[in-house]
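Could you build the full structure based on these sequences and the hints that come with them?
Sequence order for the protein chains is A and B.
Reading the first sequence from the start, the letters are residues 1 to 403 in our numbering.
Reading the second sequence from the start, the letters are residues 1 to 403 in our numbering.
Hints may be right or wrong, so weigh each one.
Stated by the list, open to error - Below are the DSSO-like pairs computed for lysine-lysine, each with C-alpha atoms no more than 27 Å apart in a straight line:
id	chain 1	residue 1	chain 2	residue 2
1	B	285	A	252
2	A	287	B	252
3	A	253	A	343
Said to hold, decoys possible - Simulated DEER-style distance windows between Cβ atoms:
id	chain 1	residue 1	chain 2	residue 2	range
4	B	330	A	289	30 to 38 Å
5	B	231	A	360	35 to 43 Å
6	B	217	A	244	33 to 41 Å
7	B	226	A	68	34 to 42 Å
8	A	365	B	367	54 to 62 Å
These are computed hints drawn from the structure, not numbers from a lab.
For glycine and all other residues, C-beta sits at the position ideal for the given N, C-alpha and C.
2 protein chains.
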Amino acid sequence: MASAPKANAVVGQSGGPTGVINASLVGVIEEARKHPEIENIYGAVHAVAGMVKDDFIDLGKLSAKTLQVVAASPSSAIGTSRDKPDEEYCAKIIKVFKKRNIRYFFYIGGNDSANTAYILNTMADEVNYDIRSFHIPKTVDNDLMVTDHCPGYGTAARFEACALMGDDLDNRALPGVKIDVLMGRDAGFLTAAAALGKQRDDDGPHLIYVPERVVSMEKFLGDVDDVCNKLGRCVIAVSEGICDDDGVTWAKKLTDQAETDAHGNIQLSGTGDLADFLAGQVKSKLKVGRVRADTFGYLQRSYPGMQSQVDVDEARWCGRHAVRFAMEEDNGSVAIKRTGDGKDYAVELFRTELKNVAEHTKSMPDEFINEEGNGVTDEFIEYAMPLVGELPKTEYLGGYPRI
Amino acid sequence: MASAPKANAVVGQSGGPTGVINASLVGVIEEARKHPEIENIYGAVHAVAGMVKDDFIDLGKLSAKTLQVVAASPSSAIGTSRDKPDEEYCAKIIKVFKKRNIRYFFYIGGNDSANTAYILNTMADEVNYDIRSFHIPKTVDNDLMVTDHCPGYGTAARFEACALMGDDLDNRALPGVKIDVLMGRDAGFLTAAAALGKQRDDDGPHLIYVPERVVSMEKFLGDVDDVCNKLGRCVIAVSEGICDDDGVTWAKKLTDQAETDAHGNIQLSGTGDLADFLAGQVKSKLKVGRVRADTFGYLQRSYPGMQSQVDVDEARWCGRHAVRFAMEEDNGSVAIKRTGDGKDYAVELFRTELKNVAEHTKSMPDEFINEEGNGVTDEFIEYAMPLVGELPKTEYLGGYPRI
Numbered sequence: 001m002a003s004a005p006k007a008n009a010v011v012g013q014s015g016g017p018t019g020v021i022n023a024s025l026v027g028v029i030e031e032a033r034k035h036p037e038i039e040n041i042y043g044a045v046h047a048v049a050g051m052v053k054d055d056f057i058d059l060g061k062l063s064a065k066t067l068q069v070v071a072a073s074p075s076s077a078i079g080t081s082r083d084k085p086d087e088e089y090c091a092k093i094i095k096v097f098k099k100r101n102i103r104y105f106f107y108i109g110g111n112d113s114a115n116t117a118y119i120l121n122t123m124a125d126e127v128n129y130d131i132r133s134f135h136i137p138k139t140v141d142n143d144l145m146v147t148d149h150c151p152g153y154g155t156a157a158r159f160e161a162c163a164l165m166g167d168d169l170d171n172r173a174l175p176g177v178k179i180d181v182l183m184g185r186d187a188g189f190l191t192a193a194a195a196l197g198k199q200r201d202d203d204g205p206h207l208i209y210v211p212e213r214v215v216s217m218e219k220f221l222g223d224v225d226d227v228c229n230k231l232g233r234c235v236i237a238v239s240e241g242i243c244d245d246d247g248v249t250w251a252k253k254l255t256d257q258a259e260t261d262a263h264g265n266i267q268l269s270g271t272g273d274l275a276d277f278l279a280g281q282v283k284s285k286l287k288v289g290r291v292r293a294d295t296f297g298y299l300q301r302s303y304p305g306m307q308s309q310v311d312v313d314e315a316r317w318c319g320r321h322a323v324r325f326a327m328e329e330d331n332g333s334v335a336i337k338r339t340g341d342g343k344d345y346a347v348e349l350f351r352t353e354l355k356n357v358a359e360h361t362k363s364m365p366d367e368f369i370n371e372e373g374n375g376v377t378d379e380f381i382e383y384a385m386p387l388v389g390e391l392p393k394t395e396y397l398g399g400y401p402r403i
Numbered sequence: 001m002a003s004a005p006k007a008n009a010v011v012g013q014s015g016g017p018t019g020v021i022n023a024s025l026v027g028v029i030e031e032a033r034k035h036p037e038i039e040n041i042y043g044a045v046h047a048v049a050g051m052v053k054d055d056f057i058d059l060g061k062l063s064a065k066t067l068q069v070v071a072a073s074p075s076s077a078i079g080t081s082r083d084k085p086d087e088e089y090c091a092k093i094i095k096v097f098k099k100r101n102i103r104y105f106f107y108i109g110g111n112d113s114a115n116t117a118y119i120l121n122t123m124a125d126e127v128n129y130d131i132r133s134f135h136i137p138k139t140v141d142n143d144l145m146v147t148d149h150c151p152g153y154g155t156a157a158r159f160e161a162c163a164l165m166g167d168d169l170d171n172r173a174l175p176g177v178k179i180d181v182l183m184g185r186d187a188g189f190l191t192a193a194a195a196l197g198k199q200r201d202d203d204g205p206h207l208i209y210v211p212e213r214v215v216s217m218e219k220f221l222g223d224v225d226d227v228c229n230k231l232g233r234c235v236i237a238v239s240e241g242i243c244d245d246d247g248v249t250w251a252k253k254l255t256d257q258a259e260t261d262a263h264g265n266i267q268l269s270g271t272g273d274l275a276d277f278l279a280g281q282v283k284s285k286l287k288v289g290r291v292r293a294d295t296f297g298y299l300q301r302s303y304p305g306m307q308s309q310v311d312v313d314e315a316r317w318c319g320r321h322a323v324r325f326a327m328e329e330d331n332g333s334v335a336i337k338r339t340g341d342g343k344d345y346a347v348e349l350f351r352t353e354l355k356n357v358a359e360h361t362k363s364m365p366d367e368f369i370n371e372e373g374n375g376v377t378d379e380f381i382e383y384a385m386p387l388v389g390e391l392p393k394t395e396y397l398g399g400y401p402r403i
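Structure (structure tokens):
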């Protein structure tokens with residue numbers, strides 16, 4: 001391996017924003033400044049869209065104070081993009097990189113971003129242009145391979161845990177059926193996090209449906225009816241990607257003209273259809289007076305002041321480590337390994353191949369989902385609880401003994 | 001005025017839960033314990049519904065630690081109700097009160113609750129049963145008469161301010177049109193609070209629509225188009241109660257079978273219809289690639305860990321003062337007067353007649369709404385800002401000078 005070249009670096013933020021992707025950005029910036037091999041650290045405005053049109057800002061001169069505020073801010077501070085670069089797109093980027101003498105490429109995002117880093121690295125190799133191409137994991141969905149969990153997940157999971165905690169208290173005060181539709185197109189980790197705030201035995205969510213298990217309308221209504229008969233109310237967390245028993249998503253069935261983005265993903269967020277449909281079914285098929293449904297939408301990934309401390313720290317470390325790895329290696333993706341003994345949570349970071357992260361996504365393992373397919377297991381709680389930080393304690397008195 | 005009787009007290013929480021109604025409950029409990037005239041302090045489980053069926057818990061023995069957690073918990077810790085008691089209903093309550101020797105009645109809620117307190121007091125007078133009947137203000141809508149503002153508003157307003165702050169950053173990162181539908185059936189105060197988190201000149205929400213001003217679809221689309229042409233994106237906060245230029249709510253126009261509660265209010269929360277409708281209009285009528293819409297739903301009133309300190313303190317004081325007033329007076333509603341000189345925020349509490357609060361609700365004053373009817377004024381910001389507490393600072397770098 002040749003020694004690290006003296007050149008410029010670029011960092012980009014790709015895909016959906018999260019609560020801590022800016023902490024990873026700051027990690028890259030602060031580590032890059034420590035290495036004389038990196039002459040300038042540029043930010044690509046709107047990710048690959050900025051790279052292809054030579055649209056950069058200089059991140060090297062930001063004050064420590066500014067960086068602290070950036071790290072604490074949700075969303076993607078230098079803009080993001082959902083463009084999926086093809087070979088022609090990447091060829092243009094490499095041309096811009098050559099012009100700017102950019103030989104370090106740090107890309108914060110999901111598996112599509114790892115794939116972009118892989119393609120760019122491969123194409124640069126083909127034209128004998130030496131770049132070091134690194135992917136830094138980010139996703140609220142927690143669906144990346146290799147890594148134990150993804151930066152961005154803990155903070156979004158914290159939002160869900162708190163949201164359901166409050167919503168369950170609201171439902172206790174005014175009982176009925178409450179359906180909450182949460183993010184999670186293919187992986188149920190984020191919806192499952194709705195369970196993390198449960199403090200009392202009969203706390204909701206009482207039912208949790210994730211995309212990894214199909215659920216027929218009959219089964220769904222039967223489950224809701226059972227809980228209502230037992231508790232007189234029911235709080236349900238439903239993943240936006242849940243599927244009917246034929247494997248087709250309920251959302252897809254509901255929409256004739258599904259808007260698609262450039263990755264071919266169906267738009268599930270940003271519409272209340274699924275929630276309203278499920279509420280309508282419960283209203284019409286079960287005898288429940290009060291049925292309400294909410295779709296949490298973009299609040300889940302962008303709510304400020306709600307970072308999980310573990311998550312923001314890890315996101316920053318991942319950014320820093322990408323730069324450190326780039327001093328030694330040609331390319332790679334940063335991943336997290338859990339090293340604690342079960343009681344004490346601890347992690348270490350390591351490098352994995354870009355291809356390992358680029359090609360597939362991860363689903364919830366079977367042991368995280370209950371047998372009925374309508375809830376999570378203790379194994380999931382043990383896995384996810386350290387990632388969200390300490391949650392507020394709440395009290396409800398309505399179940400206290402009567403006088 | 002006769003001296004305060006030695007008897008039992010009951011407290012109830014009515015209407016929609018808020019983030020600080022439990023702080024008012026705790027205020028009542030802790031003050032009631034100080035007065036030997038009050039022998040026991042009972043909680044009516046599910047408000048008047050508990051009173052009418054003699055369903056009470058004893059609040060007098062809760063530990064200080066429990067009370068602290070209760071005060072910090074969102075929702076209504078002893079349950080709430082949307083029942084609107086008629087004379088027969090109130091007669092039954094008075095019967096229960098007599099049986100239990102309840103002669104102090106504290107009711108935390110909106111104007112309907114003040115009305116219930118008024119009716120109960122009047123009916124008790126008629127049968128020569130001495131009760132002292134007090135209303136403690138609570139509403140996220142901030143629509144009560146007399147009081148400068150309502151406990152519950154500051155915390156909900158804080159939620160909105162933060163939500164739009166994050167959502168605007170998300171929209172900067174992935175530009176397009178974003179429509180957020182916020183609570184506010186008749187009063188726009190809560191939707192207007194979406195403006196409180198603005199930190200940069202071009203921060204969203206760029207447009208705010210409140211129920212106090214009608215807006216035609218033509219005007220709405222024209223406004224959105226103007227902002228998009230100027231900024232390349234547009235974030236919009238819309239009150240669930242906004243009306244077309246014929247004065248009929250858009251929500252009413254959208255629903256054939258509007259669910260109504262016992263107060264005759266149309267259900268606006270708990271459906272994504274309005275948001276989806278507005279997004280559809282923007283998509284089809286304007287040339288915007290990315291249009292998203294969220295309906296914030298019950299998160300707005302029940303999200304835990306998000307209390308405004310000012311709000312939670314005032315809510316508690318209002319609870320305490322109701323008990324103090326009850327030692328001197330027969331009935332009344334607690335109200336807040338702003339006494340600061342504009343720079344320093346300060347308040348004092350006073351008693352007002354139940355009828356003053358029961359009969360009408362308050363709308364946003366004209367000076368809080370801009371001339372165009374699509375935004376708020378500096379006067380509104382000055383009024384509302386002290387109520388939400390310090391907000392997170394954020395940073396967005398995408399507008400920094402290019403290199």
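Taking the hints in turn, this is what the structure says about them:
no.	hint	result
1	285/B - 252/A	holds, 24 Å
2	287/A - 252/B	holds, 25 Å
3	253/A - 343/A	violated, 44 Å
4	330/B - 289/A: 30 to 38 Å	holds, 37 Å
5	231/B - 360/A: 35 to 43 Å	holds, 39 Å
6	217/B - 244/A: 33 to 41 Å	holds, 35 Å
7	226/B - 68/A: 34 to 42 Å	holds, 36 Å
8	365/A - 367/B: 54 to 62 Å	holds, 58 Å
The structure fails to meet hint 3 from the earlier list, while all remaining hints are met.
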